[in-house]
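Participant: Positions -18 to -1, 1 to 214 (mature numbering (1 follows the signal peptide of the UniProt record, and there is no 0)) are the ones given, in order, by the sequence shown.
If you are wondering where the hints come from, they were derived from the structure by calculation, not from laboratory data.
Since the model is a prediction, treat every value here as computed from it, not as a measurement.
Each statement offered as a hint is correct.
For each label pair, taking beta carbons as the anchor points, the in silico distance ranges come out as:
#1 Q85 to K5: 26 to 36 Å
#2 H4 to L58: 50 to 60 Å
#3 K5 to S39: 36 to 46 Å
Keeping only pairs whose Cα atoms sit at most 30 Å apart, straight-line, the calculated DSSO-like set for lysine-lysine is:
#4 K205 to K172
#5 K147 to K175
#6 K92 to K14
#7 K211 to K59
#8 K145 to K172
#9 K74 to K92
For glycine and all other residues, C-beta sits at the position ideal for the given N, C-alpha and C.
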Amino acid sequence: MKKMMYIVCFVFCQFLLAQTTHKTFKTSVQLKYEYQYALHKPQGDAKKPLLIFLHGSGEKGTDVELVKVHGPFKYLKTHELDAYVLAPQCPKEVYWESESLYQLIQDVIKQNKNIDTNRIYLTGLSMGAWGAWNLAFAHPEMFAALVPIAGFVDRVPMLENCKIKDIPTRIFHGLVDDVVDVRYSIDIYKKLKNCSTDIELTIFDDANHDSWTRVYDNDAIYKWMFQQKKPN
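Input sequences plus hints: build the corresponding full structure.
Facilitator: Following this line, the structure appears as structure tokens:
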């Protein structure tokens, strides 16, 4: 009996010592991002649109000329675009980060008063398409059109798809893409189709990962983007 009382007492004391407490912990984490970028400026003093291009992983680094290998800057080598064209370069050790890109865009707008803020367009290829999806979802109020090509799509856009329902969107992907599965574009298209006001998906039957060359080398995509405008 005495032994039993010792056991009960021991268990009771342990119970008192093991009570749950509730506390608060606060901290802040600051990250610094530095982007080099290329900026094409159109002629004239009239308000002009801004086209933002996010490159893929192969163009990361410190040589800003790499952002001109694909996309709008490649097109600009032989054609004219009556618009500002911004192509930031992602540093080697990181990936596209939405808030730092947003701040960069705001700074470019501040420095170039003739940018028409109702006509800002966002496009990207591969890793850049992934970055474009995330940036559009982070700041849907900014963009008048979205053109992601061969991009991975994160879980958040898949779940919050209707957040960008008012952004006219054109998605492109290669059917036999062996780097980023075409199902990402198909799945996000199906989700957006339920609520989007203007969306199309184009799948190139014969294209592998490079489904962007035929898009960016064709003036049709630029004409379509430049026709889009956010309502006042």
